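Engineer: Residues per chain, in single letters:
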Amino acid sequence: MSQPSSNILADVINKYEAELTNDWKRTLTQVSVGTGLESELAQLCTQFLPLFSRAVQRAAQENINSTEWDEARNLLAEFSRLRARQGFTPTQTAMFIFSLKQPLFSLFRREFATQPAELADATWLSNTLLDQLGLFTVEVFQQSRDQIISRQQQELLELSTPVVKLWQNILALPLIGTLDSSRTQVVMESLLQKIIETGAAIAIIDITGVPTVDTLVAQHLLKTVAAARLMGADCIISGIRPQIAQTIVHLGVDLEDVITKATLADAFVVALQRTGATLSPTLKA
Amino acid sequence: MTSDVQIPSAMPLYTDDDVVRVRAQVRQFAVEIGLSLVDQTKVVTAASELARNTLRHAGGGEARLQILQRENMRGLHLAFSDRGPGIADIGLAMTDGYTSGGGLGLGLGGAKRLVDEFELTTEVGKGTTVVIIKWKRF
Ligand SMILES: Nc1ncnc2c1ncn2[C@@H]1O[C@H](COP(=O)(O)OP(=O)(O)OP(=O)(O)O)[C@@H](O)[C@H]1O
Ligand SMILES: [Mg+2]
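If you read the protein sequences in the order shown, they are chains C and W. Just so we're aligned: 174 in this note's numbering is position 174 of the first sequence, and the numbers increase by one with no gaps anywhere. Just so we're aligned: 70 in this note's numbering is position 70 of the second sequence, and the numbers increase by one with no gaps anywhere.
A couple of the hints might just be wrong.
[As the list claims (entries may be wrong)] With a cut-off of at most 30 Å between alpha-carbon atoms, the simulated DSS-like pairs for lysine-lysine come out as follows:
| # | chain 1 | residue 1 | chain 2 | residue 2 |
| --- | --- | --- | --- | --- |
| 1 | C | 101 | C | 25 |
| 2 | W | 126 | C | 25 |
| 3 | C | 194 | C | 223 |
| 4 | C | 165 | C | 261 |
| 5 | C | 223 | C | 165 |
| 6 | C | 261 | W | 112 |
| 7 | C | 194 | C | 165 |
| 8 | C | 223 | W | 112 |
| 9 | C | 25 | C | 15 |
Source of the hints: derived by calculation from the structure; they are not laboratory data. Predicted, not measured: the structure shown is a model, and the values here were computed from it.
So here's chain C without its partners, still in its complex pose:
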């Protein structure tokens, strides 16, 4: 009876696969891994166990980086990336793997009640492997999280697009990115500030780069237009793409009091006409 411990481990898992899957699922519902995920996790347990035992059986070393572990690692990587995107914590992600230990170890204690050497081997091996797999989920989680964060920083960066002076008395504010953060407020305020500083008569707010215009974005725009008006400047909103225009109409947002133009260039033409019309008499005089 001197089987390698990897075979012993795989045999036990295969033999009690159904029972172990159920115990694992039950353990998962007890540890905090996020709400409403029962069915998803249950499915993942069922998928993971056979991959785990197959890898254990085939791999020569206690190292999850070998090719025999590819399938198991891929499944976990996919799961970890999803978790990162959904905004869960690394702990909640790794708990999925770590929570297999308890049911697995109690299974060993029962199965090897009279074989202390086997018990020790199986426990040691599975403990080593599960630790590596748990850390692997954290690693993948961290990588995806970093990607998400750098993308979000990019969005913030883009949103800080400065107010530009297009012409005498004409300002433009090209907005780019998702208008969710408090930065929207900052950007809008910087436009108002610039209107005061320059005494501009017209401000063009270009929303070509804004993917979604919902009531909150609309409200920001309307408030800015109203405030600019109080300071003596008219706003033109440009870059309203056809799909956005239709959506705004269905939402019921009233932009009737606001001058809107399809493109920044169109808006600029209107702005030139308007400022020109008020300026030319004085210029001629």
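Since chain C is already given, all that's left is putting chain W with the ligands on it; use the hints.
Structural biologist: For chain W with the ligands alone, kept in the frame of chain C given last:
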């Protein structure tokens, strides 16, 4: 025969970033089932309204996204639920221009107009769930 595809779990809605994530996922599904650009924009905007309401009026909750697969059509099934204060007067809440605090009061009515099916279930003190469906037109 139906075989719906579901994003395996609920997406949390507790921060502005969560709203952005949900919107991005809705957009991805909308593209996946082949919605036109206009319909993509409509359903993403409706989702944005409901996600924001969950955040702003109920202090948070979750979104569940699902692709519906029917014999000859596909659709997006989106559910937003919370355990917030609930809505005492649905008729009033649905009225354009009604807001209990500082909004335009267009979110609920607007979302309904932007999709094909809209169902609001609510109980005071228990919470609110809004389900919307957008079908792909052929
Ligand atoms: N999930 C919710 N829980 C509790 N109350 C809600 C919820 N969703 C909406 N309400 C109530 O219904 C009202 C109308 O919602 P609606 O989305 O139409 O407008 P709003 O959120 O106030 O403003 P906005 O136009 O920016 O969306 C809200 O002001 C709020 O009182
Ligand atoms: Mg709202």
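Engineer: Hint by hint, say whether it matches the structure.
Structural biologist: Against the structure, the hints come out as follows:
1. Of the pairs offered as hints, the one joining residue 101 (chain C) and residue 25 (chain C) holds, with about 12 Å between alpha carbons and a cut-off of 30 Å not exceeded.
2. For the proposed pair residue 126 (chain W) and residue 25 (chain C), the alpha carbon gap of about 29 Å is at most 30 Å, so the pair holds.
3. With a CA separation close to 16 Å, the supplied pair residue 194 (chain C) and residue 223 (chain C) stays within the 30 Å bound.
4. Between residue 165 (chain C) and residue 261 (chain C) the alpha-carbon distance is near 18 Å, which keeps this suggested pair within the 30 Å criterion.
5. Taking the CA atoms of residue 223 (chain C) and residue 165 (chain C), the gap is about 21 Å. The hint holds against a cut of 30 Å.
6. This hinted pair checks out: residue 261 (chain C) and residue 112 (chain W) have alpha carbons roughly 27 Å apart, not beyond 30 Å.
7. Taken as a hint, the residue 194 (chain C) and residue 165 (chain C) pair is honoured in the structure, with Cα atoms around 9 Å apart against an allowance of 30 Å.
8. Only pairs whose Cα atoms come within 30 Å are accepted, and residue 223 (chain C) paired with residue 112 (chain W) is accepted, the gap being roughly 25 Å.
9. Restraint check for residue 25 (chain C) and residue 15 (chain C): the C-alpha separation of about 18 Å stays at or below 30 Å, so the hint holds.
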